[in-house]
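K.L.:
For our numbering, count along the sequence shown from 1 and bump the result up by 100.
Worth double-checking, as some hints may not be accurate.
[Claimed, not checked] Now the in silico label distances, taken between C-beta atoms and shown as ranges:
hint	residue 1	residue 2	range
1	Leu127	Ser182	37 to 43 Å
2	Arg151	Ile202	17 to 23 Å
3	Ile139	Thr258	33 to 39 Å
Derived from the structure by calculation, the hints contain no laboratory data.
For glycine and all other residues, C-beta sits at the position ideal for the given N, C-alpha and C.
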Amino acid sequence: MRLSSKVESGEVISYWAAPGYFEEYCLDDYLHQDGGILINNPTALAIHEARLLWPAEPIQCVLSLGSGRYIPAVSPSVTSTSLKTKILKIIDSATDTEAVHITVNDLLSPDTYFRINPYLTEFLTLDENREEKLDQMKRDAQMYLRRNEYKFSSVAQTLLLKRSSLKHVKDWLQCQKDMII
101 MRLSSKVESG
111 EVISYWAAPG
121 YFEEYCLDDY
131 LHQDGGILIN
141 NPTALAIHEA
151 RLLWPAEPIQ
161 CVLSLGSGRY
171 IPAVSPSVTS
181 TSLKTKILKI
191 IDSATDTEAV
201 HITVNDLLSP
211 DTYFRINPYL
221 TEFLTLDENR
231 EEKLDQMKRD
241 AQMYLRRNEY
251 KFSSVAQTLL
261 LKRSSLKHVK
271 DWLQCQKDMI
281 I
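Throw the hints in and build the complete structure from the sequences for me.
P.N.:
Pasting the structure below:
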């Protein structure tokens, strides 16, 4: 089924309606905002949706693409924290993408689920545009590629798997059945 270009462009705009970066977007009486407010890593939601759409199909491959992560140095233990620190920790936990990754990684087999999320040398915001910072991000990504070449080969092999002849016949029969109904 092909969606209209109005819906497709609306979906793209809705996806990019990140608070603080873009305005909310209204489409057909619905207000769209960035899903990251509730689900910053939508991998589990995508798996849920796929299983609802195709309940009889096993999941062949899930590729989760992160925007990079920075792991700060561990600070010494403190006996109390300020209100600002507590609020920042709440925001940090609300935007944590790795918790979803850990859960999905435990639920799916390693030849089905792949997470690509390069380590970053320093914390950078989504709207970073300084040339020297972008160059550092490129170097971080290149190092990640070199260190994880096996992961990229594995995901490529999984994505290139062909459906069996039996699956093609079942797909064709289902299509014929759907056209009659």
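K.L.:
Are the hints correct? Go through all of them and say.
P.N.:
Outcome of the hint check:
Between leucine 127 and serine 182 the CB atoms are about 41 Å apart, so this pair conforms to the stated range of 37 to 43 Å. At about 20 Å, the beta-carbon gap between arginine 151 and isoleucine 202 stays in the expected band of 17 to 23 Å. Separated by about 24 Å at the C-beta atoms, isoleucine 139 and threonine 258 break the suggested range of 33 to 39 Å.
Hint violations for this structure: number 3 only, all remaining hints satisfied.
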